[in-house]
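Asks: One line per chain: the protein sequences are Y and F, in this order. Numbered according to this note's numbering, the first sequence spans residues 1 to 119. Numbered according to this note's numbering, the second sequence spans residues 1 to 116.
Source of the hints: derived by calculation from the structure; they are not laboratory data. Each hint can be trusted.
Coverage of chain Y stretches by chain F, computed from C-beta distances (three or more under 8 Å per stretch; other residues unrestricted):
1. 41-48
2. 106-119
If you want a taste of the chain Y side facing chain F, the calculated C-beta under 8 Å gives, among others:
3. TYR33
4. GLY58
5. PHE90
Note that CB positions come from ideal geometry on N, CA and C, so glycine has one too.
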Amino acid sequence: DAGITQSPRHKVTETGTPVTLRCHQTENHRYMYWYRQDPGHGLRLIHYSYGVKDTDKGEVSDGYSVSRSKTEDFLLTLESATSSQTSVYFCAISESPYVRDRGLGTEAFFGQGTRLTVV
Amino acid sequence: AQSVAQPEDQVNVAEGNPLTVKCTYSVSGNPYLFWYVQYPNRGLQFLLKYITGDNLVKGSYGFEAEFNKSQTSFHLKKPSALVSDSALYFCAVRDIHAGSARQLTFGSGTQLTVLP
Numbered sequence: 001d002a003g004i005t006q007s008p009r010h011k012v013t014e015t016g017t018p019v020t021l022r023c024h025q026t027e028n029h030r031y032m033y034w035y036r037q038d039p040g041h042g043l044r045l046i047h048y049s050y051g052v053k054d055t056d057k058g059e060v061s062d063g064y065s066v067s068r069s070k071t072e073d074f075l076l077t078l079e080s081a082t083s084s085q086t087s088v089y090f091c092a093i094s095e096s097p098y099v100r101d102r103g104l105g106t107e108a109f110f111g112q113g114t115r116l117t118v119v
Numbered sequence: 001a002q003s004v005a006q007p008e009d010q011v012n013v014a015e016g017n018p019l020t021v022k023c024t025y026s027v028s029g030n031p032y033l034f035w036y037v038q039y040p041n042r043g044l045q046f047l048l049k050y051i052t053g054d055n056l057v058k059g060s061y062g063f064e065a066e067f068n069k070s071q072t073s074f075h076l077k078k079p080s081a082l083v084s085d086s087a088l089y090f091c092a093v094r095d096i097h098a099g100s101a102r103q104l105t106f107g108s109g110t111q112l113t114v115l116p
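Next up, chain F with everything else stripped away, as it sits in the complex (with noise of 0.2 Å):
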């Protein structure tokens, strides 16, 4: 069985200092990875992806991430945080794994927030 999980509830950063929030996984095969955010009152909003390729991926607003699969982690990075990425942050995984890949299953979310 795949799981994601999200050892942080809170993470607070000023703003302007890099911030990290982070995901193990783990899974039978190989993952498909992903970072999603939400703000109050909205759905999730997909931020990046890792499929296969280069461990570090870069996604929208700034946002990156490294694939390690040594660790079986999942970070998400920014190099310079914004008052406005304060939101909840989910990691999701695929496993590539023959019938376990239609399931994506979610961590159970990092609140971020960026103090001015």
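Extracted from the complex, chain Y is given alone in its bound form (with noise of 0.2 Å):
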């Protein structure tokens, strides 16, 4: 597996509390992403990192945010948890897309994922 640690694994917190999730990597890859995966829905992108403090939106970024003050280091903070946020989240890191003539594939490589439960 590619250096990927995820904290904690599980949670369960209440609703209305703060939750950061942490996402830490030894690959020295420059993008990371943050996932929350459902049935039905597959993978849906929350947020992404380009570069140290250099941050995106996803698909679905409502209620969370994120920062990036280190290369390996990636949290996903939901300010306020709502049982909606429920679900397994995936960090995932990947080489940059652009960097095509290193012959880089570009595919990410994902941790083993946060079950995050909201009561």
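Once you've looked at the hints, go ahead and assemble the two chains, each given alone in its own frame, into the complex.
Replies: Set out below in structure tokens:
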């Protein structure tokens, strides 16, 4: 497996509380992503980062914020958790998709996931 | 905007038979295409990719996929299915068109069950 660690792996929290999920990589990849996986929806992109302090929104960013102060760490924060944010969250990393001359496939490598339950 | 469709939620196949998991895509520019597999309670594992060149791409565990530009498809195939191939399969796309390549978009997934 690629060097990606997600923490915590499981969390139960109450509605209205803040929650932060951490993704840590040892591959020095430039791009990092947060996805959520829900039955019938596949994986949906929440936010992604293309460098330190460079982030952008994905398809389902409402209610989520991210920060990347170091290459290796990408944090996902739920400012005030809601039951609709109960999901499995995956972090992924990749090289830059623009580095084509190195023949890099720019495939993403995934962490093991964090199961978050908001009660 | 880029998108991926996996028209079948579930595919059942007998062990030893060929399998196909379908994927179609929509992009503005040229696509990078990927297949991933997910086993229960695990993250996604990369299987194979199409970037350019030969339309038939070979990947891990005997899987292959064929890129068809005219049909905008990238179906996953295996000549002889194994029970251990039973898993959730995802197709994904990057649009090489500038500004869109940063995002990796996934389909909704297809549950493959190989029956003994």
